[in-house]
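There are 8 protein chains.
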Amino acid sequence: MNRSNLKKLIHDVYKQKATPEEAMEMLKYLPYEDLGFARVDHHRGLRQGFPEVIYCEGKAVHQIIAIIDKMVKTGSDILATRAGPEIFEGVKKIDRKAEYNEIARAIVIKKRRVSLKGLIIVATAGTSDIPVGEEAAVTAETMGSRVERLYDVGVAGIHRLLDKTKVLMKASVIVVVAGMDGALASVVGGLVDKPVIAVPTSIGYGASFGGVSALLAMLNSCASGVAVVNIDNGFGAGCLAHKINMLSVR
Amino acid sequence: MNRSNLKKLIHDVYKQKATPEEAMEMLKYLPYEDLGFARVDHHRGLRQGFPEVIYCEGKAVHQIIAIIDKMVKTGSDILATRAGPEIFEGVKKIDRKAEYNEIARAIVIKKRRVSLKGLIIVATAGTSDIPVGEEAAVTAETMGSRVERLYDVGVAGIHRLLDKTKVLMKASVIVVVAGMDGALASVVGGLVDKPVIAVPTSIGYGASFGGVSALLAMLNSCASGVAVVNIDNGFGAGCLAHKINMLSVR
Amino acid sequence: MNRSNLKKLIHDVYKQKATPEEAMEMLKYLPYEDLGFARVDHHRGLRQGFPEVIYCEGKAVHQIIAIIDKMVKTGSDILATRAGPEIFEGVKKIDRKAEYNEIARAIVIKKRRVSLKGLIIVATAGTSDIPVGEEAAVTAETMGSRVERLYDVGVAGIHRLLDKTKVLMKASVIVVVAGMDGALASVVGGLVDKPVIAVPTSIGYGASFGGVSALLAMLNSCASGVAVVNIDNGFGAGCLAHKINMLSVR
Amino acid sequence: MNRSNLKKLIHDVYKQKATPEEAMEMLKYLPYEDLGFARVDHHRGLRQGFPEVIYCEGKAVHQIIAIIDKMVKTGSDILATRAGPEIFEGVKKIDRKAEYNEIARAIVIKKRRVSLKGLIIVATAGTSDIPVGEEAAVTAETMGSRVERLYDVGVAGIHRLLDKTKVLMKASVIVVVAGMDGALASVVGGLVDKPVIAVPTSIGYGASFGGVSALLAMLNSCASGVAVVNIDNGFGAGCLAHKINMLSVR
Amino acid sequence: MNRSNLKKLIHDVYKQKATPEEAMEMLKYLPYEDLGFARVDHHRGLRQGFPEVIYCEGKAVHQIIAIIDKMVKTGSDILATRAGPEIFEGVKKIDRKAEYNEIARAIVIKKRRVSLKGLIIVATAGTSDIPVGEEAAVTAETMGSRVERLYDVGVAGIHRLLDKTKVLMKASVIVVVAGMDGALASVVGGLVDKPVIAVPTSIGYGASFGGVSALLAMLNSCASGVAVVNIDNGFGAGCLAHKINMLSVR
Amino acid sequence: MNRSNLKKLIHDVYKQKATPEEAMEMLKYLPYEDLGFARVDHHRGLRQGFPEVIYCEGKAVHQIIAIIDKMVKTGSDILATRAGPEIFEGVKKIDRKAEYNEIARAIVIKKRRVSLKGLIIVATAGTSDIPVGEEAAVTAETMGSRVERLYDVGVAGIHRLLDKTKVLMKASVIVVVAGMDGALASVVGGLVDKPVIAVPTSIGYGASFGGVSALLAMLNSCASGVAVVNIDNGFGAGCLAHKINMLSVR
Amino acid sequence: MNRSNLKKLIHDVYKQKATPEEAMEMLKYLPYEDLGFARVDHHRGLRQGFPEVIYCEGKAVHQIIAIIDKMVKTGSDILATRAGPEIFEGVKKIDRKAEYNEIARAIVIKKRRVSLKGLIIVATAGTSDIPVGEEAAVTAETMGSRVERLYDVGVAGIHRLLDKTKVLMKASVIVVVAGMDGALASVVGGLVDKPVIAVPTSIGYGASFGGVSALLAMLNSCASGVAVVNIDNGFGAGCLAHKINMLSVR
Amino acid sequence: MNRSNLKKLIHDVYKQKATPEEAMEMLKYLPYEDLGFARVDHHRGLRQGFPEVIYCEGKAVHQIIAIIDKMVKTGSDILATRAGPEIFEGVKKIDRKAEYNEIARAIVIKKRRVSLKGLIIVATAGTSDIPVGEEAAVTAETMGSRVERLYDVGVAGIHRLLDKTKVLMKASVIVVVAGMDGALASVVGGLVDKPVIAVPTSIGYGASFGGVSALLAMLNSCASGVAVVNIDNGFGAGCLAHKINMLSVR
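Residue numbers (my numbering), protein chains in the order written: chain E, 1 to 250; chain P, 251 to 500; chain H, 501 to 750; chain Y, 751 to 1000; chain V, 1001 to 1250; chain Z, 1251 to 1500; chain S, 1501 to 1750; chain G, 1751 to 2000.
Same shape as in the complex, but just chain E (with noise of 0.2 Å):
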């Protein structure tokens, strides 16, 4: 369309419907408008069942209703996350239709229900790992991936894991949270031949310094095929899994 509204103001310009000042006037907004393109692309993205995303942490509870009220105006979608309880109270005034993952600590409003596409698995080693979890899997969702939850499957007790070799068979990516030794990753890694990304979470304590065991155990890892993102980033592993899961549904 801009490409076509450039067309049209050139047409414009060459049928002298519109002066040589007009036209320099409109494109000097070319190479910010060119790039706007990104911006467009990026709201069609975003129409297509894509959320405004919203990371809450730091910012005051006034600022984050604010910014959701503003957005909501617009008819986008929301995805908050890191969000309070009491967030999510003031969420729920402005729209009604706003839910609450309390273990995600996430706040999603959806205009209308699509169906969700493909399949990722997200992995938790173990219970502690199930918040990261949470908001990988709600994150996936809200952008229209069908997700699939194997919460505790972690490598002490390797029989858990290897009783569901068949349905990590069938997802087309693969989301491992673990803390501590972050095995899980390798494991997973080596049973599947699909793409793992791994969160590395700060469960554990002493040596484990915040989530960097896990981080390295999964960046070393001994499988094939498996990538690293941030500790405790459940969002960026469920975003990037559903853009990969995208791949295999179009």
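Calculated directly from the structure, the hints in this document are not laboratory data.
Fair warning: there could be bad hints in the mix.
[Unchecked claim] Pairs of lysine-lysine, DSSO-like flavour, derived with a Cα cap of 30 Å: (1) S:K1610 x S:K1573; (2) E:K15 x V:K1017; (3) G:K1861 x G:K1823; (4) G:K1842 x Z:K1309; (5) Z:K1267 x H:K666; (6) Z:K1258 x S:K1517; (7) S:K1610 x S:K1597.
Because the structure is a prediction, the values reported are computed rather than measured.
Starting from the structure of chain E, add chains P, H, Y, V, Z, S and G where the hints point.
Relative to the frame of chain E, chains P, H, Y, V, Z, S and G by itself:
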């Protein structure tokens, strides 16, 4: 075949050609054989264009050549990474089809040419990052993906990258290879909405700490949808990119 | 039982009570069931005096009490570590036998008293290390090992330790708990020829880096036969010491 | 020379060509006095619009107010950084001219308005980096430099920055404030040929390690002409940028 | 000019000297050309005495000589850093004007002499820091700045530095090069009110960690107005100092 | 008390209530004598099949041979670790019984064969970890333990390990040797209920940081009952495993 | 030898060539007695003005008061470090002589005044370093050394320090307390030829890493004769300085 | 006071109570001259048996020999550290009195023998630590202190150290040299009440991180009165120990 062995065994029992005791004896190997199935699947996957991979660093030349010799005889495709020219000299004598990518320091033996599918872009920030980029590219190509190279498009001269926005848009997945500040991953991640696999390299000196600066920058990318592999791990990135790319062509 | 299920199935096929197809269908669950055996073994192991262990940190009080309530009903022994007094208040209401080790912050429920076997010594360098030492001691005792405590025998006053050489000699394994310089592990490791499990603690400030100084010192112990667990991991040390101690009493 | 000057001076006094008072005046140029001069120069510099700076973190409210009270009476301009609103409450009572920059958490007292000179641009990658950016901006402004703010122009949406290329070109020095991947410093450094002062911020989580990821990325910037100050050190960057900017207006 | 090119193009269309299709064809290069302008500006900057810079580490001798050969033919000035004598041997054959700074390990080719402007001081703490200091000095000189060297004025004998206070005062910017404790940067920063660019060096052993001790000390300088570049990055410091110095002479 | 016991003893001797021999017997329990005894015990232990151990790294060939020569003459068994083939050449000349384990780089001289007792399993994740595994194995064997090797059973192909569950169950202690992600320790620790000694290796590159990734993963093992020795410390693991194994055979 | 000496002594007693008293006298030189003596020496040392020291951090108020109460009754002098005012409230009730150094957070009880000997200088770089400096000063004073304080003489205004060169020269040992860049230790170490004990403090933010920047700078001091204690360890520095100072007054 | 002294002096000259020559003489005591004096004092100090020290690492052989040649001609004593035998070959030709300590890698030239004073003990944990210990010893001896060596008294065989308690007690200061766990510093610090200078060494592998493990352990020594110098810095420890030892003999 394992599956058919099992089938045959059960039929033999059904037909009383084998006693339950004999069956029990054989079935105790089942879990192994079952898992062996995974191995067979894996082998099958390999026959579908996925080569055997030998990581040469720290292995003696004669060991590597012996391994490849044995594999070549089974008709397997071969990918040998981190291989010096002296290794290639030996491999060439075993199989004339062996090709050497001097920059990637990779040896490839492909039994028959297959058409490469989909599109992966491998982008490097500087010229010093090219060996790692080539390792990623040759890995993905040997596995069956089409790869386009965008080398030396680092952010210190960002127009070089912006000029290539259109080609970036066409890929199903982008591998970004950068040392030092690792900034290219974030900029590419902001320009496209496709999965980005970031590979930090050990290029740099002083406070680059052998690639740690780029690794951390990439893990903290302000663009969502970026995941990271180990420092200089071109092979891992190429392998993962291939897995993702294959999702788009199936 | 799994095994007997399997046996029965094979006999059913042999007797043609089941078709090969039905058998194949059931056999595909075999690996899981086989591994399920491991789980049963595990349970059996637990019934032999090894309690269920609940790590309380990061769990809500009501969650912990619910877990323990459920376990208590199955007749299981309980060990809950890192448990504040408020958790004990709740647990006491569920089971009167619950005991609280305030220093170790551990709750223990033992269904019946068993005589403690072998000898583990738990030595701490300072008084501040005692909570971690107590966690190790109570863990090993709950699992069935006899434990003797040598607290505050740090090397800054080495005669305190040397006075205890004789008792050190009698143990089958020694747990050494120390923060700061972690030197006690090396000195004990040099005095005795028994396995030494070293536990670095986060006691200290500044360049102790939360236990890293003690951890590194212990990993680099000039005495051979010293192995190390995570910082403040009294539970892990107690558990491992118990496993080692049991070897000597079997 | 200093020595011969001294010799001549002493002889002049001996011959009563110079009075003791004149000698004392000149002796303050002795190397020692030279150092005293540095102090005097410094004072003079301060009177020329350069305020006294009080770093409030870790000081008690009453201490800070006492210090400012004393300074205000000497007619000095004041810049107090990392000052909470409760400090401003106290300062306001001392001097009505006191102004509070809530975002920068800075208190400024300027005795008389002076026209701001040259041009410094302070750019931040995200909205969370703005407090540090404001600290830099208010520092430079209080010292006498003109500052233009470009906030939220991070590389994940690079068109926002490219749109501003022209204004970047006009500055004599650019302060770039960014956390996480710190990539903005490299991109800005590549776009302009002016000095760039990079300020890493502690914005981020996990492997951002409190600003270390941005710090390392900035130290390893692939663009030449970038120097770095401490994490979150908006004051230092503003102060240095002012010194550089002043070179262009003299 | 781009602007005027654009204006001309639009007028040509208006006057129907160019068809809309021709205009579209040319306009699609616009964003690129706009950024290409940056490149042209950059080139112009280079022609104004700013040489092409080649970082030789990790490049083969024949590669470097080929690059320089090509550049020399375009009439460009050359600065090659981290260049061993064997590279200089080759370069001398290409261009007789090539000069070699053995200490800085830098090769310079200047087409015509220009008078050096302003004043940069490069100070080193010890004699071992001189190679890095020389790299900074030769970089700034090749770019057109006048440089004065103050070598071996470390704080362990502080009178050596204090004797030079007056000359420090005259510079527009000071580059301080120091390893180990990096203390010189703070002392110089406290003596003068000019911008200080600190360069940590890898001089030292043990807990200097290849320059990390000096790097951290400099980042934490108690003097305001000090910024830091990468360890051993004499080139970066020289380049930035030149940019700052040029502000004072324009 | 010791003091009063001593006083009483001396008085008894003085009064000839005790003979000097009785006094000597008692005095050997003095703490000092206790320590002396430790030495004697230690020596005795050594004579019971425990060899003298020489760590060769950083020692000159002639020094090592001189040490061994001297020991051999006292009839001691010898274990020399980290010994290159040039050292073995020299040792062979001193004692024909000397044997060289090329992979472990260990020289062993056993005066007489003794039957090996108990069972230690040494498992390695990859083939590159074998040298460290061999050092552990040869150490334990030389000290008198029976060792079974399970090499190349890393978790990227977990069926290789699961196939060996039965043999793992039979060992009294398991040494797990792994680099990179160190995940094997957790998986083995979860499969068996025996003590596990984990040895991180320096195998890997980039973010393996010379074995730190494996070290941290092992310290944070999600399986209880795992303790860790220094990176590449096969000797320490073998020595500790032997001490533990001996508990089960006494 | 020790053994034969002992044997001879016992025989001498038995033969009544030596009295029990003579034997006891000699036996105290036994290594054990030596150690016992060390304890006695230590006690004696303490009675000679060296107080009992209680590190209060992490201990409950009632515990500390109980310890002090017990000690006070034995007539011991007391030094309690890291003691909040609430502890002093309790201690004051036990012993009216108790004094509280609010800045050092130290409680001192001296039974009788003794004249302080020698001269220790405690210098701090900034005002924020004073609490640590005071801890060092009060420790040394309580032990019996004369202390002179030079606070806020950091190198950013080096004339403040140079003015004090003469007094620095008179001390037998100098304690230098500094955070951030730790540069004061090197400058003082270069000015005087007396032992310098450097205390890094955790003052600073960002890349000061809780005192690591100062610690590393001090360990790498370009001045010889500087040794370092733990971050914020004013007590350790005061204690060591006292030991050194006492050498000069004996 | 300085200022008033100065005022009085000038008035005396003015009144011709003092000649210009007398004034010049006194003026050299001005703070600046004081600093000059420091240099003179320093020189004087050197002439009193304190040699010139040359750190040879990173300097060319011919440079070192030139420096020494120049110094020798001024009659200065010489200490050259980290000097290989090839340097000694050259130095021997300049001055026959040159002696080479092969283990310490130190060259010493003493013009005249002086009796060594006081007592420093240099203790090492292992034999591999001896080179660093020798560097400390030879440094202190060359400066004029008497040194006694206690090598290989590490804590893994603590009786070796305890046997030497008496000699430890006699020293005025003890230098403890240890790598790996650095535990010897704490044990010695607990045995004696004299100043202890701890020198961590880079002896070790894996998690010793080139001496960091020992460094941290020593900084966190549980014994008070221990200070630490840089890793492998035998010279620094010897120099500081000498300064401390001299306090006891003056």
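For each hint, the structure was consulted:
no.: 1; hint: S:K1610 x S:K1573; in the structure: holds (13 Å)
no.: 2; hint: E:K15 x V:K1017; in the structure: holds (12 Å)
no.: 3; hint: G:K1861 x G:K1823; in the structure: holds (11 Å)
no.: 4; hint: G:K1842 x Z:K1309; in the structure: holds (28 Å)
no.: 5; hint: Z:K1267 x H:K666; in the structure: holds (27 Å)
no.: 6; hint: Z:K1258 x S:K1517; in the structure: holds (18 Å)
no.: 7; hint: S:K1610 x S:K1597; in the structure: holds (7 Å)
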